[in-house]
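Novice: What follows is the residue order along each chain.
Number of protein chains: 2
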Amino acid sequence: MTPEEFRRYGHEVVDWIADYSERIREYPVLSRNKPGDLTRALPGSAPETGEPMDAILNDFRNLIVPAITHWNHPAFLGYFATSGSEPGVLGEMLTAGLNVNGMLWKSSPAVTELEQVTLSWLRQWLGLPDTFFGLIYDTASTSTLHAVVAARQMADPADIANLVLYCSEQAHSSVEKAAVTAGICRSNVRKIGVDEAFRLRPLLLSNAIEQDRAAGRQPFCIVATVGTTAMASTDPVEQIADIAALHNIWLHVDAAYGGSAAILPEMAHVMNGCGRAHSLVVNPHKWLLTPVDLSVFYTSRPDILRRAFSLVPEYLRTEDNPEAVNLMDYGFQLGRRFRALKLWFVMRSYGRAGLAEIIRGHLELAQEFAGWVRGDIRFELCAPVDFSLVCFRYCGSDADNQKLLDAINQSGTALLSPAVFGGRMLLRLAIGNYRTTRNDLRRVWDCLGLLADQLVLSGGTLDSRR
Amino acid sequence: MTPEEFRRYGHEVVDWIADYSERIREYPVLSRNKPGDLTRALPGSAPETGEPMDAILNDFRNLIVPAITHWNHPAFLGYFATSGSEPGVLGEMLTAGLNVNGMLWKSSPAVTELEQVTLSWLRQWLGLPDTFFGLIYDTASTSTLHAVVAARQMADPADIANLVLYCSEQAHSSVEKAAVTAGICRSNVRKIGVDEAFRLRPLLLSNAIEQDRAAGRQPFCIVATVGTTAMASTDPVEQIADIAALHNIWLHVDAAYGGSAAILPEMAHVMNGCGRAHSLVVNPHKWLLTPVDLSVFYTSRPDILRRAFSLVPEYLRTEDNPEAVNLMDYGFQLGRRFRALKLWFVMRSYGRAGLAEIIRGHLELAQEFAGWVRGDIRFELCAPVDFSLVCFRYCGSDADNQKLLDAINQSGTALLSPAVFGGRMLLRLAIGNYRTTRNDLRRVWDCLGLLADQLVLSGGTLDSRR
Chain A
0 MTPEEFRRYG HEVVDWIADY SERIREYPVL SRNKPGDLTR ALPGSAPETG EPMDAILNDF
60 RNLIVPAITH WNHPAFLGYF ATSGSEPGVL GEMLTAGLNV NGMLWKSSPA VTELEQVTLS
120 WLRQWLGLPD TFFGLIYDTA STSTLHAVVA ARQMADPADI ANLVLYCSEQ AHSSVEKAAV
180 TAGICRSNVR KIGVDEAFRL RPLLLSNAIE QDRAAGRQPF CIVATVGTTA MASTDPVEQI
240 ADIAALHNIW LHVDAAYGGS AAILPEMAHV MNGCGRAHSL VVNPHKWLLT PVDLSVFYTS
300 RPDILRRAFS LVPEYLRTED NPEAVNLMDY GFQLGRRFRA LKLWFVMRSY GRAGLAEIIR
360 GHLELAQEFA GWVRGDIRFE LCAPVDFSLV CFRYCGSDAD NQKLLDAINQ SGTALLSPAV
420 FGGRMLLRLA IGNYRTTRND LRRVWDCLGL LADQLVLSGG TLDSRR
Chain B
0 MTPEEFRRYG HEVVDWIADY SERIREYPVL SRNKPGDLTR ALPGSAPETG EPMDAILNDF
60 RNLIVPAITH WNHPAFLGYF ATSGSEPGVL GEMLTAGLNV NGMLWKSSPA VTELEQVTLS
120 WLRQWLGLPD TFFGLIYDTA STSTLHAVVA ARQMADPADI ANLVLYCSEQ AHSSVEKAAV
180 TAGICRSNVR KIGVDEAFRL RPLLLSNAIE QDRAAGRQPF CIVATVGTTA MASTDPVEQI
240 ADIAALHNIW LHVDAAYGGS AAILPEMAHV MNGCGRAHSL VVNPHKWLLT PVDLSVFYTS
300 RPDILRRAFS LVPEYLRTED NPEAVNLMDY GFQLGRRFRA LKLWFVMRSY GRAGLAEIIR
360 GHLELAQEFA GWVRGDIRFE LCAPVDFSLV CFRYCGSDAD NQKLLDAINQ SGTALLSPAV
420 FGGRMLLRLA IGNYRTTRND LRRVWDCLGL LADQLVLSGG TLDSRR
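Top line first, the protein sequences correspond to chains A and B. Heads up, the first sequence is in numbering that gives the first Met the number 0, so the first residue is 0 and it goes up one at a time. Heads up, the second sequence is in numbering that gives the first Met the number 0, so the first residue is 0 and it goes up one at a time.
Since the hints were derived computationally from the structure, they do not count as laboratory data. Watch out, some of these pointers could steer you wrong.
Just so you know, same-sequence chains aren't split out, so a pair can sit in one copy or run between any two.
[Stated by the list, open to error] Straight-line Cα separation of at most 30 angstroms, DSSO-like style, residue types lysine-lysine; simulated pairs:
1) Lys-33 x Lys-190
2) Lys-190 x Lys-105
3) Lys-105 x Lys-33
Okay, chain A solo, but in the shape it has when bound:
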């Protein structure tokens, strides 16, 4: 493809993205495809000779787009809703155009330095200590895996089978996966009970650690969460940090979702105690308008992280210019995409105040939606609304709630996701897209009410449309 052709098709692609953004409400949120539809529409083998770009872009529009569940849709309210903002997309385009790999400082100084600069900026916004060293990884799962390996390094166990990790029963599955990946026995992942607001109970944590110590096991890592996935609860990090300090255990904070809210002065408290953590993850690709993937990992102990991952013994290190750090020495991945560029575009284009205004809007919308739930006898609120997630349920059976969820998701009107707590099924409505307005939510709420009435009238045959 010549530069001229790239120019032409590049403009076409930009225009498609702009049109897509303008017409995003016309798409069903959840893809209407059935399993295998796309696979069957595509050839079983790749072409032997090249095809024209017009044909590829046609197939993109006609085959790929219908197989997309639209995370950009303002009524995408499942999992944690996200926004890939336009400035972030521009940053991604330039990252692709430059196509550099920042494994070493010199292999592209901009990758290493812009990563350090933007993460210093973000650290200030989040009110974290300036001793925190930051790195960008792909996902929170990878960030948490690095935390667990660093914790293992700090513990320096005689027997890895003795190591025990602690988190609440509401912690994300990536914590257990990180432990398993790092060679920790699944039976040595302790899921500590939570209080009525779904927060880890420090006394239970303390007792579990004492018991494990008494049994000759070695507690090595505690993971606290700021904004859990299921209920957006926040563990009492300050008290947990006391326990971690008392026992000299690595404390990792999973603030992948909730951490971003701390850029609002009135939400800064969600980071209480987090400055005492050994590591913390926050995901700008969730709530800071940055396209996936971009997860930020901070640690107060980069020395331990480097000891875990650098293959060069410390006494042989020569290039210790603190301004020319080689980020490959701080993790298991050699390759490093220029992810900081899109974060830089987003932080500058919106500014702190601009991003704070959007997050504040989400918090207010969540409160308003929660008010609608509280005011409707057919539904009940299931968790405090501390962030932009509303957990609620239809006052009926789990099967009723499943039918309601399936019906609204299959309708294409909105996407919600399920959660289970105390054996009961809940509905999660997560607000995190900058396009989402009060009207969008009102439409979803009206639709839920309508479907709930149908559920009563039909005696539970709401799933007829499946």
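Keeping the supplied structure of chain A fixed, place chain B upon it in accordance with the hints.
Specialist: Frame of chain A, contents of chain B only:
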């Protein structure tokens, strides 16, 4: 940013990328920045309120670009040179525009299905068995980590401290890092000696395994390499597969660089024996014109991979529709960027023949460059040229070679990288950019000759310009 503004700035960014591509030879390959230059040019804190996109793009051009080492430059010949082709960039743009996360089939069917379709296409090109199940990860390091964890799962050790992993002393550092991450003792990574062509010696491997068994240790993983990083040597995979089968040990093949060559009929032999591996990694972001990051992981034992990483016990699995596989169950990462799209754009836009022609060109250029080295009394060739990597050295001291390397890299004319074998320093020239022509290489070779003469004349003060 309104869709109209995005359209305007998007076109501007596309035009910048096209201009950049047309003028790529005007840039110095290695950034001339000194450590900290970019950091000092940027504010210490993020802006409180948003800034205009014009200002951001200006800073991109004036501050970021000079801090870039240009992997797109045809004389970027260090590490493994790569190409982020224009069709791949278009795919990346759409991935950013859609901003979906394919953790589950339904969270965007296109991510899961296009990943499976493109990896099936690629599997056919590489001549791998159709029983191989493919997944896309970010980097080969992550792919290899998944291999090591799956190998550990298959071994099901009574004591993880007993597990031993084997690779050649030429294997990539990511193998040792993967082992360390997975909780394997660094002292249990056996680096097996190589023959005169830098290939793992099967007899030494066999002996090492026997010795470890006799000592009560548990061999669990062998990593063979097709195209090592330092010398592009290829281990005898067929013989290694025999040893792996005999001892029931997981065999992983690191074909991150070399594997792509197998799309040429005349190079298909590099994959000999690889169909017997339990897993294999190949990186389209290296030699298949795909922008970073995109690493492909194949395994003949997806059942073991899933057993290692799925937190849902097998007997509780309900959604076993083979057409609606949830890829999150096959690795530690939950998030999954829509990486397959750019691979699909590249495979269709070039076709197999188009990509093969480019790789064939690189192989021929490498042979030609090797011929120049052989024909010049000042230089010597240090390894067979089986792929597109030429390892050579100036017939002088290591210090001379270091000076030569520094001089050509600092000049901005080209970027080469160093390697060390048998205590001697070598220069690596890796061809992998689709823009690289015979003329580009001739210029590099002439420059090397000139610098070598200066080295003699100056009595070794070539580094004066540093």
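Novice: Give the relationship of Lys-190 and Lys-105 under a CA distance limit of 30 angstroms: within one copy only, between copies only, both, or neither.
Specialist: Only across copies: Lys-190 and Lys-105 sit 29 angstroms apart there, 43 angstroms inside one copy, limit 30 angstroms.
Novice: Taking 30 angstroms as the upper bound on the Cα-Cα distance, should Lys-33 and Lys-190 be classified as within, between, both, or neither?
Specialist: neither (36 angstroms within a copy, 48 angstroms between copies)
Novice: Give the relationship of Lys-105 and Lys-33 under a CA distance limit of 30 angstroms: within one copy only, between copies only, both, or neither.
Specialist: Between copies only: 9 angstroms across, 47 angstroms inside.
Violated hint for the displayed structure: number 1, the only one.
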